[in-house]
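With the hints as constraints, model all of the structure from the sequences given.
Below are the chains, spelled out letter by letter.
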Amino acid sequence: MAELHTLTLAELAAGLKSRAFSSVELTRHFLSRIEKFDAELNAFITVTPELALAQAADADMRIATGTASRLTGLPLAHKDIFCTDGVLTTCASKMLSNFISPYDATVVGRLKQEGMVMLGKTNMDEFAMGSSNETSFYGAVKNPWDLAKVPGGSSGGSAAAVAARIAPVATGTDTGGSIRQPAALTSLTGIKPTYGRVSRYGMIAFASSLDQGGVMGLSAEDAALLLQSMAGFDERDSTSVDMPVPDYAATLNQSLKGLKIGLVKEFFEQGLSEENIKPVKEALTVYEQLGAQLVEVSLPNLPLSVPTYYVVAPAECSSNLSRFDGVRFGYRCESPRDLMDLYTRSRGEGFGSEVKRRIMTGTYVLSAGYYDAYYLRAQKIRRLITEEFAAAFQKVDVLMCPTSPTTAFDIGAKVDDPVTMYLNDIYTIGANLAGLPAMSIPCGFLAGLPVGLQIIAGHFAEAKLLNVAHGYQQVTDWHKRMPERYA
Amino acid sequence: MSWETVIGLEIHAQLATRTKIFSGSSTAFGAPPNTQANLVDLGYPGVLPVLNQQAVKMAVKFGLAVGATVATRSVFARKNYFYPDLPKGYQISQYELPIVEHGKMDILLEDGSSKTIRITRAHLEEDAGKSLHEDFHGFTGIDLNRAGTPLIEIVSEPDMRSAKEAVAYMKKIHTLVRYLDICDGNMQEGSFRCDANVSVRRVGAEKFGTRCEIKNLNSFRFIEKAINYEVARQIELIESGGTVQQQTRLFDPDRGETRALRSKEEANDYRYFPDPDLLPVVLDDLFIDGIRATLPELPDEKAQRLVRDFDLPAYDAGVLTGSREVAEFYEKVINEVKGDAKQNAKLAANWVMGEVLGALNRDGLDITESRVSAEALALLLSRINDATVSGKLAKEVFEAMWSEGKGADDIIDAKGLKQITDVSAIEKVIDEIMAANSKQLADYRSGKDKLFAFFVGQVMKITAGKANPNQVNDLLKKKLAG
Amino acid sequence: MSLTRENIAAIAHLARLAITEDESAAYAGSLSKILHLVEQLNVANVAAIEPMSHPLTGMVQRLREDQVTATDEHEKFQRNAAKVSDGLYLVPKVIE
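Chains as they are written, first to last, in the numbering used here: chain G, 1 to 487; chain F, 488 to 969; chain L, 970 to 1065.
Please note that a few of the clues may not be correct.
27 angstroms max Cα-Cα, derived BS3-like pairs, lysine-lysine [stated by the list, open to error]:
1. 702(F) <-> 1062(L)
2. 414(G) <-> 1002(L)
3. 879(F) <-> 966(F)
4. 94(G) <-> 1045(L)
5. 602(F) <-> 651(F)
The set of hints was computed from the structure by calculation and includes no laboratory data.
Structure below.
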């Protein structure tokens, strides 16, 4: 049998079911790989071996007594933005470097209920603000394909962990591309579901109207498997949608004949050299061979998604992060002189520079005299973009474009220029503004570094997305490539 | 007297829900610190608000009761500012689209005329926690039990022209929210409080003066004192060549003064924006009509009915409907007492307003704590009507009922206060008095009519006040005339 | 729109962030760049457009039953607090 870490989540599930190995064995295998490789990757902020082994033992009991679910006994890693009861939950910030969550996020609770085994909490950009995982208080994460490169962000720890096969699957969150962009940069399959599909309860908020939890895994099949249990209505989240979750596995293998793929004109025109767009174009050819039809669509306001996002997201974050004041939880400065000192120093010392930059940007765009010019205008353009997407989905089933304008870049290359960094998310932000489900799947390599294809679908069309991704993965093997060092 | 006062009130009424506006924590008053503050109330990372249906219903009820427009779509917004009693660093409130708009409330002025105060809006929001400034080794203690308690903030137009008008308006709203059962009205516990916006201008001036906001007034007496102090301060300031600065002020009840708040002196920039964690509140006609159907008879309607049906003076009707509990007490009395309805309504009005409210006031009790129940009072009034006891002695009976807690019949029996209505018995007493007072009798008969009262007094003295006064009058007239 | 250090100081104060002189200069630069990026929004004609604050525009607020579901867990919650006494969170003395 192949080494356990080279198997997909679906294959591991089958192995547990057939008793080819136990959950404890599986868990030990991944824990030992974390032990071996994480020092160089820095993918985890917290590893929870005792807890994992206890959960694995419980899972083996469930398997033995026939009370196991599809996911029982499978290890996973949670992005450290999800609250985990009794476990350090830092959001990669000094501000929460001492924060033991007293409760589980809904997503964490559901997967625990299923009997999944938590290996630990993964590194990320501080409060999910970043596209390279360099803003973490716990240091940059390395890309398993090239340790000198970034893994993307903000779910960079989850990406690196799965790409290096030190975790079989991981949760992530995506506010402007934070699942898809790191998935692209590390050759993973990542899905950001429709806004409201996965509960946000217990997912530490960055920008509430954009944040959505999702999956980073090795294949569309794996993503479907985990999403099935993460998704669904949660009465604790007012923005959670009360709609049944379809059986994603059931439609994975549907034929793609007649599928209408929209190619976003504005994205194929902008900023990409012929050379860089090649893997994406080749992927489109594969889809044509599968019977899909390519249609050019135009979303003229979509290029405004980056500036729109950099008003809306900072505005919401500036308010969401006001609760970190050194009083009830989190970092508190030494010997505050007075209340103002307590606030300003706890926050000034507890937040990193990118977080502070976004808080200040958001504070500014909401402040008296600027609200209409920035925030209100951005919310109007957000509607324009959303309507353009809706019009496009009248004509096509899915949209396709690159996930990221570049492959993984050098650590440190863009840290001094926030605007250049922000432009990494040019292709991904639109789906967040419109609340659409979107995926990134591996579609090739440029100079040895992975390239991702982004697929966007209409609201609640996750099943279609997964089907489209799976169809491609049945005839290609990009998603099966792994970095040699970790094979 | 060249100054005019302009006042607008922002009344905060805590809604009488079981749980908080956005969480399942209890709102019961008086629990040990922070024992009724859950993760949502504490603003923990990752938690989210879910709106309490009952809070929405209560706000709608208020809106309907003040003749306002109830919004079919209202939106929660965040009001951003830092303060230790505000755990999230923002208060969830309603800003551009409140749930209630354009209502009104009539108040009765001292000259008997009425005036309409316009209600700009009433919006739903969450209350803050409490800062305890007693010394905790040089620190301030924060109790977040109150954080997240639902409030409606009722904002008036600047329609009031004196502290008395402001108090009259505040009292009317206080009465209303208690009639509606949406607020317990307990001002000491802070369930009902207001901020007053006060300015002055020259009589005849069109432009309003610069206003000051006096925060957190939680008694009718304080409101009046605070406004009067503030008005005098502003006038003195302007007359001595100064200008009023727009600012937030606190009333110090011990000194009877207002003073500028130090901690909030900087201009606030609240950066309101729609709360992305909450969706628009959309109410359909079915929902609103369902609440309309639960509205009780409102105080003004009740007062008008008392005037119309029983010819009660408007003032009496106002007092008797001035609180839901007094009105309920009064109506129970008139429903139970036997006899002519109109007459009973007046009799009961006099007794409730006089004896009952007087005794309550004397003993510092609330009408719900009255030692004489409505039923017991009704029985006493029935005893007046059936001439068992005289109106005058009934007051003695009432006092005994109040102090001894017994029924009217028991007291009348025990004290032998039953009225003498036997004609021959009264005649016998009159005969004795005439015999013993021949001089007075002669004087009376020679024209000193005033002596009639002397003979009445004598009869009452001998019968210990128990003789039926009407009968005494009739019989005396006949007998004295000879 | 270019921001000065004074602008940054005012924003940082509103956001309750202590920042150093050096940071202030850096933020003045980077925030100005961000605002420059954001000014691209001025090209769109938005006169007749309703602002959109939520991605699922048809959805409305769900209402919760008024039932107590919380129990007292203040001891557990206060383990994360830097300074508590007698069940109260403590902050430097607030002067009103």
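Status of each hint after checking the structure:
For the proposed pair residue 702(F) and residue 1062(L), the alpha carbon gap of about 20 angstroms is at most 27 angstroms, so the pair holds. Distance check on the hinted pair: residue 414(G) and residue 1002(L) sit about 14 angstroms apart at the alpha-carbon level, within 27 angstroms; holds. About 24 angstroms separates the Cα atoms of residue 879(F) and residue 966(F), which keeps this hinted pair within 27 angstroms; it holds. Proximity of residue 94(G) to residue 1045(L) is assessed by CA-CA distance (about 22 angstroms); at most 27 angstroms being required, the pair is judged to hold.
Simply put, residue 602(F) and residue 651(F) have alpha-carbon atoms about 12 angstroms apart, close enough for the 27 angstroms limit, and the pair holds.
This entry satisfies every hint, going by the numbered hints stated previously.
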